[in-house]
Structure formats: C-alpha cells, structure tokens
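> In case you want the letters, here they are:
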Amino acid sequence: MTLPLADTQFVEATWVMIVKSVVIFAVIFAVLPLMTVLERKLIGRFQHRYGPNRVGPFGLLQPLADVGKLISKEPFRPANAIPVLYVLGPLLPVISGVLALAIIPWGDVKDGVGFYGIDVPIGILYFFAVSALAFYGLLLGGWASGSRYSLLGAMRSAAQLISYEISMGLALLGVVMMAGSLSLVDVVRAQGEVWYVVPQIVGFLIFMLAGFAEANRAPFDVPEADAELVQGYQTEYGGMRFGSFLLVEYMEILVVSGIAAAMFLGGWMGPGPGWLDPIWMFAKVLALVCLFIWVRATLPRLRYDQLMSLGWKVLLPLATLNVLVTAILVVAL
Amino acid sequence: MSAPTKPSYLDSIDVIEVQRGPDPGGAGGLYRAFGETLRGLKTTLARLIEGPVTIEYPEEKTPVYPRFRGRHKLHRFEDTGLEKCVGCSLCAAACPADCIRVVAAENVPGERVSAGERYAAVYEINLSRCIFCGYCEIACPFDAITMGHDYEMADYDRKDLIFTKEMLLAEPAERTPLRSEGE
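In order, the protein sequence lines correspond to chains A and B. As numbered in the numbering used here, residues 16 to 348 make up the first sequence, in order. As numbered in the numbering used here, residues 315 to 497 make up the second sequence, in order.
No lab work stands behind these hints: they were computed from the structure. One or more hints might be untrue.
Stated by the list, open to error - Label pairs and their in silico Cβ distance ranges: (1) L352(B) - V31(A): 27 to 37 Å; (2) I177(A) - E364(B): 35 to 45 Å; (3) K356(B) - I177(A): 25 to 35 Å.
Unchecked claim - Distance condition first, Cα-Cα at most 30 Å in a straight line; then the derived BS3-like pairs of lysine-lysine: (4) K479(B) - K375(B); (5) K387(B) - K375(B); (6) K473(B) - K356(B); (7) K328(A) - K375(B); (8) K398(B) - K56(A); (9) K479(B) - K56(A); (10) K473(B) - K375(B); (11) K356(B) - K479(B); (12) K387(B) - K398(B).
Stated by the list, open to error - Chain B residues, not near chain A, derived (Cβ > 12 Å throughout): (13) G424; (14) C454; (15) E480.
Every residue gets a Cβ at the ideal spot worked out from N, C-alpha and C, and that includes glycine.
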C-alpha cells in the first residue's frame, strides 16, 4: 500500500499540458450549453412536455439564442452595490469550476499523454479546495449586491456549505482508504475488479446528496430559492453576469458528476478497446448529469432548517460510520 | 417525543386534536424519507416514459367535435349548384349579436342564383361580433347556413373579419381535423 500522498512522478512536456488545457476547456465549454438544452428538454419530458424545440433542429440552438439575449442586456449595477466585489462575484465561481475540471480523468495514460488535465498528488483535496472557492463568489456577489434577498441567499449558501462539505469529504474518505491513494487516476486504476459504488454504496449516496448541495441544485437550491428569495444571490445580476452564475451551476454539475464517476463508477473502466475509455467516462458522467436533472424534476426544495438537520444529524453520522467501518475492514482484511 | 398532556382547564371545552405527521427524526424517518424519495423518482420517470401530451399547435391542430360551432358556411344544392339561401333574413332576425346582414333580390329567370323566388344579393357576417351561438343555423328553414369547424379566424384588420357571401360559400382552405369516434 502506498502512502496517502499519491506518488505521481508522471511529468509531461509543457506544450502537451497547454494543448490539453485548451482542448479540455474548449470541449467543456461546448458541452455546457448542450447541458442546458438537455436539462430543459428532460425536465419537459418529465412533465409531459417537449421542452424547447423551436430554435434549430430539435431546439439544439436554444443556448445560442439564450446567450445572444443575455449578451445584449445592459450590464446593470445597483446604486448601492460595491463595484469591484460585485463584478468579482460571478467571476470567482467560473475560475473555480474550470480549475476543478482539470483533475477529472477521462482516460489512462497513453503514449506518454494522460487523458486528464493534471494528476495532482493531493487529488481529491484539490477538488475540495477549488470548489470551496466558488462559494466566495456567491458570498461576495450576494453581499456586494446591496440587496436583502442577495444577502439572505449568500448567508444561506454559507450555512449550506458548512453543513454538507464535511459529509462530502468523509464520504470520499472511504474510497481513498480502499484505493490507498488520493490521486483520482490511481483511484480509477484501483477499480479494475469492482467499482467502488458496490462496497461504498453509502458513501456514493452521501456524496451525491452533498453533490446536489455543492452544485446548488434541487432539492438543495436554498441559496437561490426563487420562490422565497427571488433568485437569492443572483437577484441583482443581469446579462452575462447572471449568465456566468448559470454557467457555473452546470459546470459544477459536470465536476461533481465527473468526480463521482471517477471515484465510484470506475471512471474510464469499461469493456471494449482502449480508445473507448473517454467515451465510457463520458457516458458515466452523462448518466449522472441525467440523475441530477431527474432529481430536480422530482424533489421539492428542502426548507432551510431541514437542510441543516439533514446535513448534521443524518449525513455526518452516516458518513462517519461509513469511514469507521471501511477503516476497520481495510485494516482487518 | 410524547404528546403534550392536556391542561385540566381544557377538560370541559371541546379541544380539536391537531393531526400531525409522523415524527420526522430517527432511523425510521430516514428510511421513510428514502422510500418516499424513490417513489417520487419512480413517479417522474413514469411521466417520462409516457411521453409528451403537448399538441404542437401551429403544426398540429386540436381536433374538434362534430358539433363544434366554428366559422359559418353557406351551402349550395349539390345536384343543381344553386344556393340554398333564399334571402329570407330569418338568420339575421335570430342573431343575438346582430352580426348578419342580408339584402334579398328577385331571381331573374335564365340566371337563377337560388332555388326559391328570391336570393341573397348581399350576405355578410361580421365575425368580429359573432358569438358563435348557432341560432342562425337553427333559424334557417332551408339549412342554407351551418356552423363549420374552422376556428382560426384571427386577422389584423377588423374589416377583414366581415365575411361576404362568396367567402362563406367557398370551402375553407385548410380543413380542421375532426375528432374520431370515442376520442
């Protein structure tokens, strides 16, 4: 068994890294608008409707129309907003989302090139570090907007963060202990025989629940809560600033789905030749994205205090128990 | 959690017992919530499988019932091609919205327009006033006017909504789908 700090001596040429970052960035930003269509069409189907089908074939050009509309809006700033922080608000989550995407493994190392942005030794800790950055964006944006709804939304997102982040970390700890590595690539390689979703089903469920909160998705979209808080921290944002908050929501769905697919669903593992690896990974991520949408179409928003009690009274003890049992089993077996 | 005990001063008064849901906490609550969540997911998935019920209107029209009262139609005799309307103005008299205008004229031998002595030289229905009650159809002694199935009559100008005899005699360009038996 290796030390928990992954030993990733694998180094690539600088130009390979740059090409990889550009490709990942381009692919992800091409996928994100399609996700919005997918979500709206799927939600429509869940409600006996078609969803958007007017713009382009099957409504596929709908995001183009949406972005065109958002760009043409006036970049309005409320009079009592704090200028710099107000602009920084939607920017930070975008950065955090893009950074988090870097560690999602799309395939194994082939011909000296790894099919991922970077294999960081601290692996999953990096994910927690950068994804927590996104909440600074929400907090700053909500606070700097100078509106009470925004402030309430920001406070809620802070309270939400502390109530699920610990359980999320503990849920992944079981997998880390079983794989004996923090690196996502090593974790995926360790799932050659059996996917960790089987022995770590509790961890998987807790991680997905926390993931819904991480992406501010129903049923844990209390920071937005459009019924109570107008749009929470997004209330005072318009145009493409609002658009980037929206973008981040989908990016975080992608990140959480990617991490879950790599940690629990065997990442790129699947039958077939080696070049199918990224497709397997993509299929698993897509399935999880559909799960996100399915859950959003089903569950009503939890009340604020219900989220707290779920996080602290249910998820945290369960995750701790899961970690303890896993630790005992890993040591004993 | 036990139910709060009732104070003694309430003994003589009728107290309505408040119905409360089961206690949310505990392992039972967790199990229940999990089960109900799965049931909800099943419910929405069933909707997905059933497929959309949307009728995509401009491309796809809602079928109407056979007795649907849409735009009026004037009729001719099928064998002779003569108009059924004899210009009696009973429809105009029956019309509660007063939207029918009939000016009758004598039929000239040789160029007969209708089967009777007289015919409608002018027959106009102002569809912007019509309430589609169908009284004209009931009043007509010759079944010359009936209510058709067209319901797409929106227009940009009020004067375009005054339908003349020629327009009412002509077949509508696109037939509205009719509901089949049992639909």
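> Now tell me, hint by hint, if it's right for this structure.
To see whether the hints hold, each was checked on the structure:
One distance hint, 27 to 37 Å for the beta-carbon pair L352(B) and V31(A), is violated here, with the actual separation near 45 Å. Separated by about 41 Å at the C-beta atoms, I177(A) and E364(B) satisfy the suggested range of 35 to 45 Å. Taking 25 to 35 Å as the suggested C-beta distance range, the pair K356(B) and I177(A) conforms, at roughly 33 Å. The straight-line distance between the Cα atoms of K479(B) and K375(B) is roughly 27 Å, inside the 30 Å bound, and the hint therefore holds.
As the CA atoms of K387(B) and K375(B) are separated by approximately 20 Å, the hinted pair is consistent with the 30 Å bound. Distance hint between K473(B) and K356(B) is unfulfilled; the C-alpha atoms sit about 55 Å from each other, more than 30 Å. Annotation: proposed proximity of K328(A) to K375(B) is violated, straight-line Cα distance about 54 Å (limit 30 Å). Using a Cα cut-off of 30 Å, the hinted pair K398(B) and K56(A) is violated, with the two alpha carbons roughly 53 Å apart.
Annotation: proposed proximity of K479(B) to K56(A) is violated, straight-line Cα distance about 47 Å (limit 30 Å). Straight-line distance between C-alpha atoms of K473(B) and K375(B) comes to about 26 Å, which keeps the hinted pair within the 30 Å bound. This hinted pair does not check out: K356(B) and K479(B) have alpha carbons roughly 58 Å apart, beyond 30 Å. Between the alpha carbons of K387(B) and K398(B) the distance comes to roughly 11 Å, so the proposed pair stays at or under 30 Å and holds.
Non-interface status of G424(B) relative to chain A is upheld: no Cβ of that chain comes within 12 Å, the nearest being about 57 Å off. The claim that C454(B) lies off the interface holds: its Cβ sits roughly 43 Å from the closest Cβ of chain A, which is beyond the 12 Å cut-off. Every CB of chain A lies more than 12 Å from the CB of E480(B), the least distance being 37 Å, so the non-interface label holds.
In this structure, the hints that do not hold are numbers 1, 6, 7, 8, 9, 11, in rising order.
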